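A.B. asks: Work out the full structure: start from the sequences and follow the hints.
There are 4 protein chains.
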Amino acid sequence: MIKVGIIGSTGYAGQELVRLLLQHKEAEIIWYGSRSYIDKKYYEVYQNMFQLVTAKCMDDNIEELANQADLIFTATPQGFCASLMNDNILSNTKIIDLSADYRIKDVDIYEDWYGIEHKSPEYLNEAVYGLCEINRELIKNARLIANPGCYPTCTILSIYPLLKEGIISGDSLIIDAKSGTSGAGRGARVNNLYCEVNENIKAYGVASHRHTPEIEEQLGYAAGKSINVIFTPHLVPMNRGILITAYGNLEKKVSYKEVKEIYNSYYGNEEFIRILDEDVFPETRWVEGSNYTDINFKLDPRTNRIIIMGAMDNLVKGAAGQAVQNMNLMFGLKENEGLNLVPMFP
Amino acid sequence: MIKVGIIGSTGYAGQELVRLLLQHKEAEIIWYGSRSYIDKKYYEVYQNMFQLVTAKCMDDNIEELANQADLIFTATPQGFCASLMNDNILSNTKIIDLSADYRIKDVDIYEDWYGIEHKSPEYLNEAVYGLCEINRELIKNARLIANPGCYPTCTILSIYPLLKEGIISGDSLIIDAKSGTSGAGRGARVNNLYCEVNENIKAYGVASHRHTPEIEEQLGYAAGKSINVIFTPHLVPMNRGILITAYGNLEKKVSYKEVKEIYNSYYGNEEFIRILDEDVFPETRWVEGSNYTDINFKLDPRTNRIIIMGAMDNLVKGAAGQAVQNMNLMFGLKENEGLNLVPMFP
Amino acid sequence: MIKVGIIGSTGYAGQELVRLLLQHKEAEIIWYGSRSYIDKKYYEVYQNMFQLVTAKCMDDNIEELANQADLIFTATPQGFCASLMNDNILSNTKIIDLSADYRIKDVDIYEDWYGIEHKSPEYLNEAVYGLCEINRELIKNARLIANPGCYPTCTILSIYPLLKEGIISGDSLIIDAKSGTSGAGRGARVNNLYCEVNENIKAYGVASHRHTPEIEEQLGYAAGKSINVIFTPHLVPMNRGILITAYGNLEKKVSYKEVKEIYNSYYGNEEFIRILDEDVFPETRWVEGSNYTDINFKLDPRTNRIIIMGAMDNLVKGAAGQAVQNMNLMFGLKENEGLNLVPMFP
Amino acid sequence: MIKVGIIGSTGYAGQELVRLLLQHKEAEIIWYGSRSYIDKKYYEVYQNMFQLVTAKCMDDNIEELANQADLIFTATPQGFCASLMNDNILSNTKIIDLSADYRIKDVDIYEDWYGIEHKSPEYLNEAVYGLCEINRELIKNARLIANPGCYPTCTILSIYPLLKEGIISGDSLIIDAKSGTSGAGRGARVNNLYCEVNENIKAYGVASHRHTPEIEEQLGYAAGKSINVIFTPHLVPMNRGILITAYGNLEKKVSYKEVKEIYNSYYGNEEFIRILDEDVFPETRWVEGSNYTDINFKLDPRTNRIIIMGAMDNLVKGAAGQAVQNMNLMFGLKENEGLNLVPMFP
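Protein chains in written order, with the numbering used here: chain C, 226 to 571; chain D, 226 to 571; chain G, 226 to 571; chain Z, 226 to 571.
No lab work stands behind these hints, which were simulated from the structure alone.
Predicted model, so just to flag it, every value in this text is computed and none were measured.
A hint or two may mislead.
[Claimed, not checked] Coverage of chain C stretches by chain Z, computed from C-beta distances (three or more under 8 Å per stretch; other residues unrestricted):
1) 396-406
2) 425-434
3) 454-461
4) 468-475
5) 505-512
6) 516-530
Think of the CB as a built atom: it goes at the ideal place given N, C-alpha and C, for glycine as much as any other residue.
C.D. replies: Take a look at the structure:
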């Protein structure tokens with residue numbers, strides 16, 4: 226039984242970790258960290274956990290937790306994890322960081338886009354970008370995982386094979402993304418009130434969203450060179466789900482069948498990636514509550530472009546689910562342990 | 226042209242007042258009061274007002290405003306209006322208070338249910354409860370109007386005729402109410418975040434909601450004696466709308482036609498009250514954006530009870546619309562000026 | 226491994242059965258019946274099942290299915306199951322009927338409220354009303370289960386102990402219920418279109434809903450005499466969830482503690498019923514996706530009444546989840562097999 | 226008083242026409258055409274119109290209606306209007322067709338994308354594309370108006386000035402559009418049920434939506450040559466509103482100020498087009514219920530592209546509102562008569 230601690234367990238991603246881990250056979254939560262709710266019963270913060278979790282919220286003493294836990298999930302604000310990391314912690318436990326602190330290898334880019342100083346850049350090199358389907362072998366031996374962002378996970382998984390195979394041009398990429406509101410977190414802000422989000426759609430972070438450099442770095446690896454993309458997220462009046470609609474210029478003449486075969490060759494054996502049937506396009510409702518990413522594409526000969534779509538639950542594959550998948554890989558468990566969740570509809 | 230000031234113009238009710246008054250031919254807003262946003266352009270707080278309102282938000286100096294305005298709307302937290310009221314203000318201007326400060330005649334009941342001291346109980350007697358269809362003549366000559374609460378407006382209008390005519394027993398009344406989320410205001414609270422309200426229904430203020438004594442007082446006038454009712458509000462994942470479903474024991478044997486005739490005799494000439502056809506029940510979507518209250522009832526001979534339903538837009542007839550209707554009455558304008566709004570669907 | 230067939234597998238309740246059974250270790254679906262989609266791949270009707278279900282939809286030949294299956298779930302329109310039932314089927318298999326056909330013992334009441342002739346009243350006596358927490362022992366030995374309606378499940382579980390203990394008067398009961406829209410089924414009707422349901426709340430079936438006699442019969446058993454109640458359902462703009470708010474006259478003076486103890490004595494050992502802490506009231510979001518019913522109450526000394534609230538996922542405990550719970554009981558499995566689902570929020 | 230008839234008055238666009246015309250001082254509806262509801266009272270189809278409309282629904286006898294009405298709005302399925310048009314009608318009345326029949330000048334393109342034969346191509350030349358801000362003078366003298374599609378209106382208004390001024394390349398255009406569900410109409414289809422649309426986002430009509438050629442034709446006029454664009458609509462769980470996010474390659478180096486000045490020079494005097502302040506981006510909630518189109522842009526020097534956004538109420542400026550605006554122009558009324566509606570929020 227893996228002993229697990231969560232720092233930041235009362236945010237939406239943290240709570241989703243609790244949901245998944247309670248249904249996981251090989252892991253046990255020993256520490257529900259939450260600076261805001263110390264000493265409050267966890268179920269009083271999330272009544273769905275009534276009679277399922279009896280523990281109280283604890284502080285974020287990561288040093289002490291590192292002594293007790295085999296693994297720590299940090300679902301904390303940007304900068305928090307990096308500010309505490311040290312050799313002692315990493316020699317005592319493993320870390321899966323759900324924040325952005327170790328996702329971007331170039332510390333200047335991180336500091337530029339996030340507007341904060343990185344307090345432990347010495348671990349950037351060691352940290353593994355935990356996109357399981359791409360970096361599986363590296364993850365297995367890692368001590369420190371940078372759990373990918375929600376938008377980047379959906380974007381990279383959807384586009385990676387086509388860039389890697391030279392089908393599309395990296396610099397032509399335009400990613401128009403749409404997310405449910407849980408991605409905005411549980412902070413009490415006017416912009417996230419029910420009446421402000423409901424019956425509305427808007428773009429935000431236009432030409433400036435922090436997930437842009439994360440996407441560019443990872444897709445740059447696929448392209449074999451650095452690339453610049455446009456990434457425009459939109460806020461959708463729904464709880465969960467991310468849909469990305471990406472547009473790329475074709476670098477060569479390809480048929481539907483050829484592109485399909487590329488996807489199959491990359492993902493044919495992947496349990497959590499589903500390449501849909503021809504002309505069936507991803508919808509967030511079909512993955513809700515599960516760890517799946519649904520992907521499909523459409524060639525547009527009129528404009529010599531391809532339209533690529535991916536759908537995912539932002540709290541599962543986009544956060545807590547992928548974190549558990551990383552845990553499973555790091556501890557040699559079945560990769561899908563605790564994750565064979567049938568999407569819940571409606 | 227009536228010169229109007231609004232104190233609390235950046236809450237949802239305040240903003241709805243702005244929407245209605247911009248479409249009103251005889252009134253002009255000269256003061257957009259908002260303690261939280263002083264000196265900010267009003268349209269930056271509500272972008273729907275871009276190019277419609279150029280004014281900046283102002284403070285809540287009610288003394289100064291009383292010198293400039295013919296009428297002041299106070300859409301402010303409980304206690305605010307009462308704490309500032311004095312003879313000087315009332316001799317210079319008229320007041321329509323959208324808070325609860327002057328709704329309840331018995332100051333002990335007010336202080337008990339609201340948990341605050343009433344700072345100007347000397348005006349309770351003068352203040353007129355601004356339920357237009359019931360107190361029309363009193364309103365015409367008032368200086369100080371207590372604009373009714375949203376739930377009380379819908380409840381009292383729906384039930385009043387039957388109590389007055391002795392059809393139902395006052396103490397048997399159970400009012401199960403449902404409201405959209407704009408009723409909870411624009412304050413940044415976790416409980417009102419999109420993800421907390423969406424896909425959920427809950428009761429709140431069970432056996433303790435502050436609108437209970439307001440309902441009891443007004444329905445007590447109809448019954449001719451003091452009564453105790455159960456009032457249970459619920460929060461519905463929608464922006465606007467209140468539906469009340471009320472249950473009462475029949476005091477005498479009545480037919481559908483007899484009850485219908487009672488309603489017709491009270492409301493047959495009322496523009497803003499619509500008694501629906503038999504077996505067509507009120508739905509909030511059919512009144513959205515308008516000043517209507519839709520009412521209907523169903524006799525249940527199996528249990529010797531009557532079920533009464535009323536639907537209303539909580540921000541219009543339940544707040545800003547009724548406030549404008551009161552203004553029209555106080556200034557001798559057409560009662561429906563600025564209020565002949567066709568409900569917007571969908 | 227129990228071989229299971231589902232007739233009506235492409236309705237919302239049928240699909241929820243599929244979701245639950247795919248995660249059940251002791252059952253295997255061998256027949257996805259769906260008259261409307263014969264020969265279509267099941268996942269083409271519900272894309273969440275892509276790569277999880279490869280079977281095609283089949284007809285509703287219940288005689289043939291009875292030969293192959295250990296258990297048949299019928300999630301079919303009223304009258305269908307009763308029209309096909311015979312001794313041969315019941316000697317070959319077990320039946321859990323999710324329709325209303327065998328819920329009401331008095332065939333006249335059934336025919337009166339449902340407006341159709343009952344084609345096999347001879348099985349009414351044998352059929353067990355499958356409310357697991359109340360009829361557990363009878364269910365274990367049943368061949369034919371009448372799976373309770375969604376509203377009745379939530380209502381009866383919430384009120385049963387208080388009636389049984391004589392705390393409240395049966396004839397005083399008023400049940401004001403609210404349901405998500407999945408309860409209305411997947412039929413293509415204008416009334417259930419997105420734009421008609423969204424941003425609206427309405428009552429329906431006022432004083433005439435078919436779940437009324439089902440509630441009255443079962444609560445009558447608790448009261449020890451026949452009772453008449455008011456039951457008013459409302460349609461809420463959300464996918465899942467039922468909340469009932471019930472009002473009853475107190476028959477004796479009781480304290481919070483006494484009522485709490487009654488609930489504990491009935492449900493203290495029930496895994497799927499959670500009596501909440503004092504003044505914490507049920508909300509549908511906290512049970513979504515799970516088999517829980519959350520219950521609480523509030524005494525109102527001002528009116529000498531009690532307010533009882535219950536929340537449930539209408540598709541799980543209100544339909545498919547309870548059906549699986551019944552299956553587990555009938556086949557001697559762990560009662561919670563396949564049902565220890567953590568509620569999913571948000 | 227202009228006598229107006231509506232054929233197709235019980236669809237969402239038809240009903241919105243009724244809402245707007247009831248608040249219009251110079252027009253009177255004399256014919257509520259609805260093939261599906263002949264002889265039914267109009268308010269029984271739309272209860273918001275109770276006591277506002279007493280008329281019954283009538284057939285679609287356009288010849289007879291042409292004798293009675295000064296103007297006919299056809300809010301009918303594709304092909305209907307074209308199949309009935311003749312000289313007699315056009316000599317007796319004016320027509321504003323809300324369908325696509327006369328929007329596309331090239332009959333082959335129409336027949337190809339719509340899959341139906343055009344029954345009166347002889348009127349294509351005469352018909353004026355009723356995008357008021359672009360074709361104002363032509364509209365004033367027209368007998369037959371092709372009222373633009375919802376997506377095309379929002380797209381063309383947002384992009385037109387930049388194409389016309391040679392700022393962006395036409396063939397580089399990618400339009401990622403998002404619409405509320407009222408755009409899908411009131412037909413009873415499973416795909417538009419509440420539970421299917423709610424908590425979901427999806428693309429549809431990928432690389433094949435019928436509004437593509439309409440956009441291409443109109444933007445081609447701006448570009449001065451034929452262009453091919455990608456247009457991808459998405460369905461958003463909300464009632465009203467369209468947001469387009471468009472991406473174009475810059476043809477020259479431009480500053481924020483230069484682009485802003487272009488927009489100002491085209492739209493500075495337009496009442497219904499609002500160019501927002503820098504870095505304030507359009508959101509559908511801020512235009513709901515009104516005839517406004519809110520537009521803004523963001524230069525992205527990293528990729529040498531521009532991101533253009535536009536928001537609109539699909540039922541107002543995208544359908545009925547623009548139709549009324551066209552009527553006002555055709556009859557020499559104030560262009561904003563009946564249209565100075567303050568957007569309703571929340």
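A.B. asks: All hints, please: hold or fail.
C.D. replies: Status of the hints after comparison with the structure:
Counting residues of the segment 396-406 of chain C whose C-beta lies closer than 8 Å to any C-beta of chain Z gives 5; at least three are required, and the coverage claim holds. Coverage of the segment 425-434 of chain C by chain Z holds. Counting CB-CB distances below 8 Å, 7 residues qualify, and the rule asks for three or more. Interface restraint, the segment 454-461 of chain C with chain Z: holds (5 residues with C-beta to C-beta distance below 8 Å; minimum three). As drawn, the segment 468-475 of chain C meets chain Z at 3 residues by the rule of a beta-carbon pair under 8 Å; at three or more, the given contact holds.
Given as covered by chain Z, the segment 505-512 of chain C passes the check, having 5 residues with a CB less than 8 Å from a CB of that chain where 3 are the minimum. Counting residues of the segment 516-530 of chain C whose beta carbon lies closer than 8 Å to any beta carbon of chain Z gives 6, which reaches the threshold of three, so the coverage claim holds.
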